[in-house]
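> Position chain Y relative to chain X; hints supplied.
From first to last, the protein sequence lines are chains X and Y. For the first sequence, counting from 1, position 14 maps to 886 in our numbering; every step adds exactly one. For the second sequence, counting from 1, position 4 maps to 37 in our numbering; every step adds exactly one.
Derived by calculation from the structure, the hints in this document are not laboratory data. Be aware that one or more of the hints could be misleading.
Stated by the list, open to error - Derived DSS-like pairs: lysine-lysine, alpha-carbon spacing no greater than 25 Å straight-line:
{"#": "1", "chain 1": "X", "residue 1": "981", "chain 2": "Y", "residue 2": "185"}
{"#": "2", "chain 1": "Y", "residue 1": "404", "chain 2": "X", "residue 2": "898"}
{"#": "3", "chain 1": "Y", "residue 1": "132", "chain 2": "Y", "residue 2": "51"}
{"#": "4", "chain 1": "Y", "residue 1": "404", "chain 2": "X", "residue 2": "1094"}
{"#": "5", "chain 1": "X", "residue 1": "981", "chain 2": "Y", "residue 2": "241"}
{"#": "6", "chain 1": "Y", "residue 1": "228", "chain 2": "X", "residue 2": "895"}
{"#": "7", "chain 1": "Y", "residue 1": "79", "chain 2": "Y", "residue 2": "150"}
{"#": "8", "chain 1": "Y", "residue 1": "416", "chain 2": "X", "residue 2": "1013"}
{"#": "9", "chain 1": "X", "residue 1": "945", "chain 2": "Y", "residue 2": "241"}
{"#": "10", "chain 1": "X", "residue 1": "911", "chain 2": "Y", "residue 2": "404"}
{"#": "11", "chain 1": "Y", "residue 1": "416", "chain 2": "X", "residue 2": "1106"}
{"#": "12", "chain 1": "Y", "residue 1": "154", "chain 2": "Y", "residue 2": "205"}
{"#": "13", "chain 1": "Y", "residue 1": "211", "chain 2": "Y", "residue 2": "185"}
{"#": "14", "chain 1": "Y", "residue 1": "368", "chain 2": "X", "residue 2": "895"}
{"#": "15", "chain 1": "X", "residue 1": "898", "chain 2": "X", "residue 2": "1013"}
{"#": "16", "chain 1": "Y", "residue 1": "79", "chain 2": "Y", "residue 2": "36"}
{"#": "17", "chain 1": "Y", "residue 1": "211", "chain 2": "Y", "residue 2": "270"}
{"#": "18", "chain 1": "Y", "residue 1": "228", "chain 2": "X", "residue 2": "911"}
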Amino acid sequence: MKIVIAHLYYDLMNLYGESGNVKALKKYLEEQGVKVTIKFLSLNDTMDFATYDFVYIGAGSENNRLLVLKDLKRYQKDIKRFIDENKFILATGNAHEIFGQYIIDLNHKKHKALSIFDYYAKDVDFRIVDEVYFETPLVKKPLIGFQNQASILRDNPHPLFTVIMGVGSYPNSKTEGFRYHNFYGTYITGPLLIRNPHFTKYLVKTILKNKYPDYKYKNINKNIEETAYRNFTKHLLSIKQ
Amino acid sequence: MRKVIAIILGKIAKQVLKRRDGGSAYPGALAKKICPDILEVLIRPKLIVAVTATNGKTSTATIITNMLSQNGYTVGFNSSGTNTDNGVITLLIDSCNLKGQVVKDALVLEVDERHTKEVFKHLQPDYLIIGNITRDQAPRNGHLDVVMTAMKQALNDNMHLIVNGDDPLINKLTLNHKGKITYYGVSKNEASYVKARVTNLDIAYCPKCHARLEFKYFHYSNTGDYLCPNGDFKRPKIDYEATKINYRYKHFYINDQIKLPMQNDILFHIYNTMAAFTLSQLIGLKPEDVIASLKNLSFSIIRFEKLKLDNRPCTVLSCKNETPNSYDQSLLYIKRHREKKTVVMGFNRVCSRYTWSDLGWLWDADFEVLKDSNIDKIVCVGKFAYDVATRLIYAGINTDDIIICQTLDQAIKIIRKKTKGPIYAALNFDIVRQFATEVKEVTL
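Pulled out of the complex, with its shape left as it was, chain X reads as follows (with noise of 0.2 Å):
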């Protein structure tokens, strides 16, 4: 079994420990006995997306993220083929905001986006801080992390999570992220597949079952990992009272 795993604008788009996705992810997939090959690819890099199986881009500063938006549009067509071949893009903190209808910055200014989904973006003049603890129907147990971010997305028709701690797409929002077909969006910001084991094992076997119909998947010891998660959640529900 082969993987091929692009890392898009790993050195723009990497504000906050991004990094430690795509090192989860290849060490899961290689526990499972696959080649994983990544491709660390930036601005003005020639980019194929019909060998890539998976795509990652992390969130970055609100004028990296135009820069990026910029650059990636040479590819839209590809990437929307790529999202309707069932392949894998996961987009963490502002990074999903590009693969909506727009986005609109501080000055009023409407940047067009890929426009691959109905959702659009805003920038606002305050951070929006906040520990995460996000369920979705995908797997058991939810999903812990973190936001940091100056812009909100709205007019979501496909939430991937409910809130149950955490600030979500906008302020009082009870959803976040965005998912269609196996793209998924999300403002959770660093390793979230370091820090959820399980939110992994599930992408995992997706990724997997998807290009390899017989694949079985095959239990890993994940205690350290398993117990770093179970330690969070713990000291989360501590906070909350």
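Frame of chain X, contents of chain Y only:
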């Protein structure tokens, strides 16, 4: 009149607090409430030096204060870590007479990067030292664009900047500065490396033409000798450069000519000393007098302590959570010492300023350094020990070489019983003092 009342009440508050616990910015807050333009109406001393940086503000300001004092200056310094605008007002109130005249020859201000704007609006320093800019406390700062925008608003062309020329972010920040700039830096040395260790540098592209920056060598993170391939941006010509660094015999030279002593073998200490030395030359101190003051440096560097645990050397390196560079320096220090060793890492609180526990920064720090640092065991301690252990596994450390414990007590017992070699404790500020105290207790 308001000014006099503000000064008197501020001074009383300072005295009362001094008896209780020392460092507080409350007197300044009180004085500002009574007299909002207090910073403008006080009469300045002949020299004001401000120091800002992500790491090393207090150490640099302490070296400077010590240097000035030993060269005949009377000096006021906001030494208790009160580096916000209220902290600076507290210092001024403490240093002035009832007419509002600062009665010291010089003020040394340690200022938080994002508070520079507020402080300098009213009290402009003659010299501003910028030591480094790097990602730090993301929940509070957002990201570096936010910090840099605030700092940019704080600068004006009348300030003489003294900056670390090895840091491309400072160069980016001061690109449009029309006033004087003096650069200090560190030359390539035995600990420098040529290939970038991480993919997530704080700045990877030229701020003018967006071409990918090239680095001739690194000291840590993105600090080193860099240039834009189109010639739009590069490490400036360094006016005062630390050369011929000898970590073993603890000395280095300035521009190959003047030999300076080091209190310890930490790279960061060289940077802090260089900042102070550069200032000394701009205000006309004699190199030999500066060297004498550096030899007499009487403060214990907060970041660093050498102890013994059962006859094993135990080096205590304070690290700052949420500031990956602070860990990187400790990790590179550990790597530089080649003997088989034991490392202790951990924390109980991510940050003392807020209750959030963001752990993303663990993945921005270069723990991979430990993989080839000749390690016997790494002891992970504290409430987040499993998160630290996870990071270490990904950094390539063998699971069998990682020991997890909840308390410092347990950690010290395990270090004594089950580990070998000199000990390096790279612990966050919240538990580092307690660790040092417990080590001293068991060794007595």
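> Would you mind marking each hint as holding or not holding in the structure?
Hints, one by one, checked against the model:
no. : hint             : in the structure
1   : 981/X <-> 185/Y  : 24 Å, holds
2   : 404/Y <-> 898/X  : 19 Å, holds
3   : 132/Y <-> 51/Y   : 23 Å, holds
4   : 404/Y <-> 1094/X : 21 Å, holds
5   : 981/X <-> 241/Y  : 23 Å, holds
6   : 228/Y <-> 895/X  : 20 Å, holds
7   : 79/Y <-> 150/Y   : 21 Å, holds
8   : 416/Y <-> 1013/X : 22 Å, holds
9   : 945/X <-> 241/Y  : 22 Å, holds
10  : 911/X <-> 404/Y  : 23 Å, holds
11  : 416/Y <-> 1106/X : 11 Å, holds
12  : 154/Y <-> 205/Y  : 22 Å, holds
13  : 211/Y <-> 185/Y  : 13 Å, holds
14  : 368/Y <-> 895/X  : 23 Å, holds
15  : 898/X <-> 1013/X : 22 Å, holds
16  : 79/Y <-> 36/Y    : 21 Å, holds
17  : 211/Y <-> 270/Y  : 16 Å, holds
18  : 228/Y <-> 911/X  : 18 Å, holds
In this structure, none of the earlier numbered hints is contradicted; all agree with it.
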